[in-house]
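> If you want the building blocks of each chain, they are given just below.
Protein chains: 2
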Amino acid sequence: MSRLIGVGVGPGDPELVTVKGVNALRAADVVVVPVMDGGERGRAEATVLHYVPAGKVVRVVFALNERTDRARREAAWDAAGERLAGLLREHGAVAFATIGDPNVYSTFTYLAQTLVALVPDTVVETVPGITAMQELAARSGAVLTEGTEPLTLVPVTAGAAVLKDALAGPGTVVAYKFGRQAGEVAEALRETGRIGDAVWGSALGLPEESVRPAAELDGAPLPYLSTLIAPPRRDGGRGGKL
Amino acid sequence: MSRLIGVGVGPGDPELVTVKGVNALRAADVVVVPVMDGGERGRAEATVLHYVPAGKVVRVVFALNERTDRARREAAWDAAGERLAGLLREHGAVAFATIGDPNVYSTFTYLAQTLVALVPDTVVETVPGITAMQELAARSGAVLTEGTEPLTLVPVTAGAAVLKDALAGPGTVVAYKFGRQAGEVAEALRETGRIGDAVWGSALGLPEESVRPAAELDGAPLPYLSTLIAPPRRDGGRGGKL
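For the protein sequence lines, the chains are R and P, in the order given.
Residues in the first sequence are numbered from 0 upward in steps of one, following numbering that gives the first Met the number 0.
Residues in the second sequence are numbered from 0 upward in steps of one, following numbering that gives the first Met the number 0.
Treat the hints as calculated values from the structure; they're not laboratory data.
A portion of the hints provided could be inaccurate.
Here chain P is said to cover these stretches of chain R; the calculated rule only asks that three of the stretch's residues, wherever they fall, bring their Cβ under 8 Å from a Cβ of chain P [unchecked claim]: (1) 17-24; (2) 191-204.
Chain R is faced by these chain P residues, among others (derived, beta-carbon under 7 Å) [claimed, not checked]: (3) T17; (4) V29; (5) G91; (6) T108; (7) L117; (8) V118; (9) V122; (10) T125; (11) I129; (12) L143; (13) T147; (14) T151; (15) T156; (16) A159; (17) P206; (18) S209.
A quick note: this is a predicted structure, and the numbers were derived from the prediction, not measured.
Idealized CB from N, CA, C, for every residue including glycine.
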């Protein structure tokens, strides 16, 4: 039996890993970090290297770039699966570091499915991590939810209609994964009267971090990992009381 | 100028605080923990005491119990606000520990509004924390979101209609704050064909923790801080691939 532990390492700031996450990274025999096609150091890797020695870190290429063609992505996926399967056969505890939370839009979900099929006695565990929307709320002062407000998290890759439906509702809307659709997002916010209170951010916790009012969005493409928070109109706003 | 720092200390497991949260608690002059009406040690206090000496912790009563009458709640609120205002006038950095995340259904939001009114040169900051839904996902193996699925977080205190609307949609639904409405929640899950895949949990990370399939809900009241995850029907389910 081997343990495969998906560890959420947060949005990029190395301090936004939990104590449990740090302990899980340190206790594992090896820590796998996903590396983009080009091989440049990613956020997960940079965060992991704050806590574990480089000698314990295994870099595995995942061709997650949207522009990579399907055949190449599948070949990279199969190679990554085989590499991880080999590590699981060799070691008792393999950690996989993932930005954000391993149960929120994470490659880890698919990876775990693949590995349970390849190495059937694998036990899958996850350690939660701070998501980009939580970090953007902290950085911008945009409260995610108050009182009885619902919150809807929409990956814009699901289509603009899903986003517009959510914006027409009573709660906070968080949009993920909308770099190329920045223009559509801005339009949906304007149509629903929500652009005034919305904020967006990218590269949170990194030197190139940007946190700005959504009203400044001019429709130009944004980084793929952009995050937007559109709170509902709140009576009393910041000056309210219980 | 004084800093008021809302620190999310996670759902109850002391290891689920971020490194940044631990550092913020330790760097503050005092750490305020909300204490329930009865004075018993709460989750926030128990977690804080893992990281800072008791001498730096200030216990402030918040009458948040649903059954406390309105006048008593308001009196407790005003007293708590005055107490915190006094601490802010006296110290440069006051941390307030809140379970979960300070920007997700937290008393901290209202408290910060009250304090900015009482002590106008207060600077409000927040440090994100792991939410109960993230911990329940990790404990139960219920993935929160995959691919293009939206996620809706519904406080059942908003009414059963909001919950049913969300369950009729395409994404994962997370229900919060539904102890007394457990029967309505179970009924809504059955009506929408979602009960088979749903899980609920309470007292996560505590000795009395309970994580069970929602199908076992018999309609009896549950603890107020119960959490439920109802994932959408997923093609291929756990055995799928990218």
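> For each hint, tell me whether it holds in the structure or not.
For each hint, the structure was consulted:
no.: 1; hint: 17-24; verdict: holds (count 5)
no.: 2; hint: 191-204; verdict: violated (count 0)
no.: 3; hint: T17; verdict: holds, 5 Å
no.: 4; hint: V29; verdict: violated, 21 Å
no.: 5; hint: G91; verdict: violated, 20 Å
no.: 6; hint: T108; verdict: holds, 5 Å
no.: 7; hint: L117; verdict: violated, 11 Å
no.: 8; hint: V118; verdict: violated, 14 Å
no.: 9; hint: V122; verdict: violated, 10 Å
no.: 10; hint: T125; verdict: holds, 4 Å
no.: 11; hint: I129; verdict: holds, 5 Å
no.: 12; hint: L143; verdict: holds, 5 Å
no.: 13; hint: T147; verdict: holds, 4 Å
no.: 14; hint: T151; verdict: holds, 5 Å
no.: 15; hint: T156; verdict: holds, 5 Å
no.: 16; hint: A159; verdict: violated, 12 Å
no.: 17; hint: P206; verdict: violated, 17 Å
no.: 18; hint: S209; verdict: violated, 18 Å
Violated hints for the displayed structure, listed by number in ascending order: 2, 4, 5, 7, 8, 9, 16, 17, 18.
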